[in-house]
Amino acid sequence: MSWTIAVGVKQVPDDDEVGIDPDTGRLDRASAPAVMNPPDREALEAALTIRDQVGGEVIAVTMGPPNAKTVLEQAVAMGCDDAVLVTDRAFAGSDTWPTSLTLARTAEALEADVVVCGEETTDSSTGQVPPGIAAHNGWAQLTYVEGVDARPEEDRLAARRDVEGGHELVAAELPVVVAVAYGEFDPRPAGLHRKIYAENDFEPTQWTAEDLEIKEEVGLDVSPTSVGGMETVDPVDRKGEVVDETDDLAEVLTEVSA
Amino acid sequence: MTPELDGDAVADPNYDDEFDAIVVGAGLAGSAAALTMANRGLEVLLIERGSSPGAKNVFGGVCYTPTIRELTDFDGAPLERYVAERRFSMLSRNDETAVSISPGEWHEAPHNDSYTVLRGEFDEWFAEQAVEAGTTLVTSTTVTGLVRKNGRIVGVETDRPDGTIRAPYVVLAEGGNSLVSEGADLKATETRENVAVGVKEVLEFPGRDEVIEDRFRLTDDAGVSYHYFGEGAVGDAFGGGFIYTNDDTVSIGVAYRIEDAVAADQSPEATLNAFKSHPAVAPLVRDARTVEYSAKTIPEGGAESIPDLVHDGAAIVGDAAGLVLNNGVHLEGTNMAVESGYHAGNAIARAADQGRVGAKALQAYPDALERSFVVQNLERYAWMMDAVEADRDLLFEDLPRAFADAGTEYFRMDRTPKEAHAENAKRAVLDAVGGWTGAAKLALRYRKVVT
Amino acid sequence: MTDDEEPGIDVDEYDDVWVFVEEHAGDVMPVSWELLEEGRKLAEKLGDELVALVIGEDVDEIAEEALARGADRVLVADDPVFEPYRADPYGEQFRAMVEEYKPSIALIGGTHTGRDFAGRVAVPAHAGLTADVTEIDVDDDGLLQARRPAFGGDVLATILCEDHRPQMATIRPGVFEAAEPTDEADGEIVEADVVVEEADCISEVLEREVGDTADITEAERIVAVGHGVEGDLEPARELAEALDAELAASRAAVDEGWIDGARQVGQTGKTVRPDLYVAVGISGAIQHLEGMNKSGTVIAINNDPNAPIFDHADYGIVGDLVEVCPDLADRLEGELQEVVQ
Ligand SMILES: Cc1cc2nc3c(=O)[nH]c(=O)nc-3n(C[C@H](O)[C@H](O)[C@H](O)COP(=O)(O)OP(=O)(O)OC[C@H]3O[C@@H](n4cnc5c(N)ncnc54)[C@H](O)[C@@H]3O)c2cc1C
Ligand SMILES: Cc1cc2nc3c(=O)[nH]c(=O)nc-3n(C[C@H](O)[C@H](O)[C@H](O)COP(=O)(O)OP(=O)(O)OC[C@H]3O[C@@H](n4cnc5c(N)ncnc54)[C@H](O)[C@@H]3O)c2cc1C
Ligand SMILES: Nc1ncnc2c1ncn2[C@@H]1O[C@H](COP(=O)(O)O)[C@@H](O)[C@H]1O
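First to last, the sequence lines map onto chains A, B and C.
Numbered per this note's numbering, the first sequence spans residues 2 to 259.
Numbered per this note's numbering, the second sequence spans residues 470 to 920.
Numbered per this note's numbering, the third sequence spans residues -6 to 334.
Please note that the accuracy of each hint is not assured.
What the hints assert, rightly or not - To give an idea of the interface, some chain C residues facing chain A are shown, with a C-beta separation under 7 Å as derived from the structure:
no., residue
1, D109
2, A124
3, T127
4, E202
Claimed, not checked - Ranges of calculated distance between the beta carbons of each label pair, as one might list FRET restraints:
no., chain 1, residue 1, chain 2, residue 2, range
5, B, G476, C, E54, 51 to 61 Å
6, B, G476, C, D193, 35 to 45 Å
7, B, S736, C, V198, 51 to 61 Å
8, B, S520, C, E54, 55 to 65 Å
9, A, G56, C, E191, 46 to 56 Å
10, B, D678, A, D245, 31 to 41 Å
11, A, D245, C, G289, 20 to 30 Å
12, C, V198, A, Q207, 37 to 47 Å
13, A, P34, B, D485, 24 to 34 Å
14, A, P34, B, A480, 39 to 49 Å
15, A, Q207, B, G603, 19 to 29 Å
16, A, D249, B, R556, 41 to 51 Å
17, B, D485, C, E191, 54 to 64 Å
18, A, S32, B, D542, 19 to 29 Å
No lab work stands behind these hints: they were computed from the structure.
Keep in mind it's a predicted model, so treat the numbers as computed, not measured.
Even for Gly, the Cβ is constructed at its ideal location relative to N, Cα and C.
Please construct the entire structure, taking both the sequences and the accompanying hints into account.
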């Protein structure tokens, strides 16, 4: 038994470095260095864990501009067997609907048994893409997953999910889309030789919208949502006083809780 | 039609003996070695533990660039300012006596090869030059030990899984805190008295333009290098303070011997804070905000504590080899790091061309270093550290105070004739140095600093 | 399975504001009632009806409660296949109901279940779905304006959905006041056709364990613990007791398993706005701040003077929480006694 496991990884601006352009008031994301979406590192770990359980191949997938290749290199360094860069100008302006369509078609083309995603991205933070992939393909979905248990003999993947007020163990038929809860899968370090290979000698496979036969179904035009405006939010004004003595703090606390 | 994977991904990559040389540490010495070897056609693997070269590297601020400029196209280098003025101050508790030097020539390119830089950017740029020349750089990877075969060093171990990699030559460019070299018994651990601690802050002036230009009297890309000694700089400890101007920040720090830090129970933060609040220093850094704080050790053993530079399969360069000149007037390590990396790289390239390994094959490196300014300078000033240590109280406490007193006396405004003032001034200094004989001895002892 | 409708449907065929009532074994998530209140306002502005969507098994009482809390109509899909929640049957049922009833707006609580569900159903409906919304309104054209913090809360982005219906949004729990039940409910309950069968389901819930169901969004005082407590909640708990406060947490503390997820504050947790918020051993990551920056007075206890939380606090103390918390608790109890005497 061996499964094909696809992992969605996305390149995002480094959270710590995103600033606001003082002239436009818009977010200056261009100057922030691009990194792998941190939850996706954990998705990779979950995918590699599933591979450890059943055997098979882990293939990292990103839909993004050509320079998003670097996140695929990181994925291959960590242990992915191969990677696909889905890149096309036609994708520009895609919201989660066409994004998940693209990834769904990619997963089909890879004949994936499992698609693993992160909980959400730090730049768009919707968490909608994984259920979207599942919906486009009519596959099962398991979100907020904290632990995976591959059951090849049943053709199912069982997962422990974090749900309101508790946990549940759910088994889903293959193919299945998994979104892992952030903070639950500690990403393994890349091996030295794999890292050297991934960063210097590896080239991902590249697919376009045409290759996936979705050229007319992606991009701005088919995206149901659009950004109507952006307002910068004034940070809440705080006093920012640092006191030296617990006594002083106790005083403040008695005052405010009086 | 379903698209397909290219399917050419390698399942089990292995780079053992794919590289001619491995360089440990992408500081100035390491990148210089890598660049030199890559320029000569070698396949080089450069391993850096930081997430990018220079990410965590600490230094004061002035990079001396005569060798770098020869090694690579220097035009795109991220320089902050060139040094247009060097100022040396003696600080007693409350006084300052200073000498300033700013020759017109320093305003002309190449500006005496002295530039303030920020290592995060500069080291990254320099490593990038090595990469462009063909070096393979891996970051976020710490070398934890050396691999030996029959005594010969044939590779390194790292903290990564599958983390051992082999190559015929290893260059150790790991900086002053040289755990790998020490762990492999290539050098002895520095004795306490030969190690200084440097702490540094980078300050910015939020919401204010031209503060640096105004306070330090600068135009365009000109910058300053201010050095301070005396008890007002580092209290009881043996060392000094510095201020360097960057493009829109100021680097301020102190460097002093670790032994004193312990003896005087003086924390680096406290020492730096005291320096920052000295009346001669405080106005320069008023209204500043600290954007970065860092601390690091500096080897200061001088010529005597240079370890064996080559071993069977390995060479040691830069701070790892103790190549820093720090005597109060000069604080130079960057130029020596690059120079040593360059000579080591050349020696390895030559050995590789001839298919030779072993310590003897690399002997060209110590030989070349011996002839270069690196060892020459270190030897020239070797005596000085001992002398300074012997005269410590005099140099760091009595003399700064005496100069301050002399100045006060000499320029005193009262109704006494100037002759009396001059006499008092002279006496203040002479008392401190032990009369004319003392002064003569002192001048003799330190003449080499200036001549 | 996929319903790749072309863009440009007739948006005028769609009306009514739907609110998804999320229930687990008979318990309704508080956010559902918050949305009912907010949905009421939208429906009134639009002159539309407010419809509560109740899916589950034996949910009559919940349907009644939705009416009492202000729904004009309750659409009920009642069947054992819907208990407990699973994405595939819920998704298919919702899709069928959207096709039949054509809602203009659908609001869903941004809980794990809500987001799992919304992400699934928006695709076949080709609906516009906005995640993690903290403000909603309708503009003059009757278009839903869903506003959400973006890029760590520095920006509030308004997301529109002009040519597709329904306009869907998941809304962060704790942001709005809940609708209270009244006696003058006069809406109707409508049984919807159940379109799914167990045999078609591709997932199976094997086990389900209920944990802490605390609702920290109502608390007036909160002591929140972060990774800095290193597994020992005692100092913070002492302080919470002295202050009569609820215990909450950063995600890092939840991830470590030191405290239940129901008490997580932040972008992917709850939004709280107590009068007093004490952050103990919390660094102040943007995702955390988003959930608490509307609190009254914010106090930070942290041993790192450079922790960002100090920039977002009214008062802070640099110190070891293991010492500061009990010390503070002692003094507070002292003060309290003084007040009593
Ligand atoms: C406070 C202070 C002020 C100074 N001021 C000046 C000055 O103004 N002018 C001047 O010329 N010199 C100055 N120096 C000295 C100068 O900084 C050094 O001499 C110079 O940086 C040495 O370069 P290097 O490449 O040998 O070492 P480093 O710059 O220390 O580089 C070593 C590199 O190796 C990496 N590394 C270490 N161990 C490992 C490992 N095990 N595996 C992988 N990577 C590793 C490190 O991350 C680092 O990138 C100052 C030093 C200090 C501390
Ligand atoms: C997609 C996504 C969603 C997220 N959603 C959320 C969310 O909803 N809520 C949330 O909180 N986070 C969220 N995060 C995580 C967030 O980015 C931070 O990682 C998290 O908030 C850090 O938690 P912390 O402050 O408790 O831990 P840390 O950042 O580790 O901080 C611990 C603090 O404790 C201090 N400390 C340590 N020891 C002591 C001591 N003895 N005494 C006093 N102080 C001490 C330290 O100085 C430090 O400041 C999310 C992240 C992502 C990527
Ligand atoms: N462009 C993309 N390429 C690959 N994976 C993606 C992309 N966008 C989203 N994902 C995956 O979907 C998850 C949730 O993203 P989001 O819905 O955008 O918050 C991410 O953690 C990724 O695993």
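For each hint given before, does the structure comply? Return the numbers of the non-compliant ones in rising order. Violated: hints 3, 9 and 14.
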